[in-house]
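Engineer: Generate coordinates for the entire structure from the input sequences, incorporating the hints supplied.
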Amino acid sequence: MRFAATVIACVFVAYAHAEEVGVLRKMPENKFVSVPGLPSCITQAVESGDPTKGPSVILFKGKAGCLIPWHWHTPTEHVMVVSGSVKVQMRVNGGSAALGPGGYAMMPGKHVHQFTCPSACTGFVSSDAPFDIHYVDAAGKEIAAEAALAKKR
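All residue numbers for the sequence shown refer to this note's numbering, where the first residue is 25 and numbers rise by one.
One should not assume that every hint holds.
Unchecked claim - The calculated DMTMM-like cross-link candidates involving lysine to aspartate or glutamate, where the alpha carbons are at most 25 Å apart (straight line), are: (1) LYS134 - ASP156; (2) LYS77 - GLU166; (3) LYS55 - GLU166; (4) LYS85 - ASP152; (5) LYS50 - GLU71; (6) LYS134 - ASP152; (7) LYS77 - GLU53; (8) LYS77 - ASP156; (9) LYS111 - GLU166; (10) LYS55 - GLU71; (11) LYS134 - GLU170; (12) LYS87 - GLU170; (13) LYS85 - GLU71; (14) LYS55 - ASP74; (15) LYS55 - ASP156; (16) LYS87 - GLU71; (17) LYS134 - ASP74; (18) LYS134 - GLU53; (19) LYS111 - ASP161; (20) LYS77 - GLU170; (21) LYS77 - ASP152; (22) LYS50 - ASP152; (23) LYS50 - ASP74; (24) LYS87 - GLU53; (25) LYS134 - GLU71; (26) LYS111 - ASP156; (27) LYS111 - GLU71; (28) LYS111 - GLU170; (29) LYS134 - ASP161; (30) LYS87 - ASP156; (31) LYS85 - GLU53; (32) LYS85 - ASP74; (33) LYS111 - ASP152; (34) LYS85 - GLU170.
In short, the hints are calculated from the structure, not lab data.
Structural biologist: Below is the structure:
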């Protein structure tokens with residue numbers, strides 16, 4: 025029993041230590057995966073946090089022509105482009121921007137927008153709460169991911 029308690033204590037100390045010293049990761053060390061509810065043309069690697077539980081930073085890659093149709097997120101979303109080009113369109117004010125490396129976009133929670141990679145793109149998404157995605161139709165009514173993504177295939 026004492027051994028198990030010691031092992032558990034060591035795990036917590038190691039985790040706490042990792043949080044204190046930060047995270048260092050080179051691009052080839054990232055493990056990109058597809059995400060349920062997102063188009064298969066987007067993959068991501070979580071850089072910090074846990075997007076299912078709280079604030080996080082995600083590194084994403086999108087293939088040329090990839091489109092994430094009209095949607096919104098509960099948390100505020102920050103996007104910074106690293107390579108390639110992206111197009112972000114806002115439904116509320118009709119704003120649209122083509123962004124290249126160093127480009128930045130911020131969408132407040134529940135702000136309907138869509139995202140396209142005209143060319144292959146890489147960037148970061150950070151959010152201040154658990155990350156989710158809610159797709160909407162042309163009238164702004166929420167629809168299932170399957171319905172939103174089926175239209176774009």
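Engineer: Next, verify each hint and record whether it holds.
Structural biologist: Hint check results:
no. : hint            : verdict
1   : LYS134 - ASP156 : holds, 10 Å
2   : LYS77 - GLU166  : holds, 23 Å
3   : LYS55 - GLU166  : violated, 31 Å
4   : LYS85 - ASP152  : holds, 21 Å
5   : LYS50 - GLU71   : holds, 11 Å
6   : LYS134 - ASP152 : holds, 13 Å
7   : LYS77 - GLU53   : holds, 23 Å
8   : LYS77 - ASP156  : holds, 10 Å
9   : LYS111 - GLU166 : holds, 22 Å
10  : LYS55 - GLU71   : holds, 10 Å
11  : LYS134 - GLU170 : holds, 20 Å
12  : LYS87 - GLU170  : holds, 20 Å
13  : LYS85 - GLU71   : holds, 13 Å
14  : LYS55 - ASP74   : holds, 15 Å
15  : LYS55 - ASP156  : holds, 20 Å
16  : LYS87 - GLU71   : holds, 20 Å
17  : LYS134 - ASP74  : holds, 20 Å
18  : LYS134 - GLU53  : violated, 33 Å
19  : LYS111 - ASP161 : holds, 19 Å
20  : LYS77 - GLU170  : holds, 23 Å
21  : LYS77 - ASP152  : holds, 10 Å
22  : LYS50 - ASP152  : holds, 24 Å
23  : LYS50 - ASP74   : holds, 19 Å
24  : LYS87 - GLU53   : holds, 20 Å
25  : LYS134 - GLU71  : holds, 24 Å
26  : LYS111 - ASP156 : holds, 20 Å
27  : LYS111 - GLU71  : holds, 23 Å
28  : LYS111 - GLU170 : holds, 23 Å
29  : LYS134 - ASP161 : holds, 14 Å
30  : LYS87 - ASP156  : holds, 21 Å
31  : LYS85 - GLU53   : holds, 14 Å
32  : LYS85 - ASP74   : holds, 18 Å
33  : LYS111 - ASP152 : holds, 22 Å
34  : LYS85 - GLU170  : holds, 21 Å
Consistency with the previously given hints fails for numbers 3 and 18, ordered from lowest to highest.
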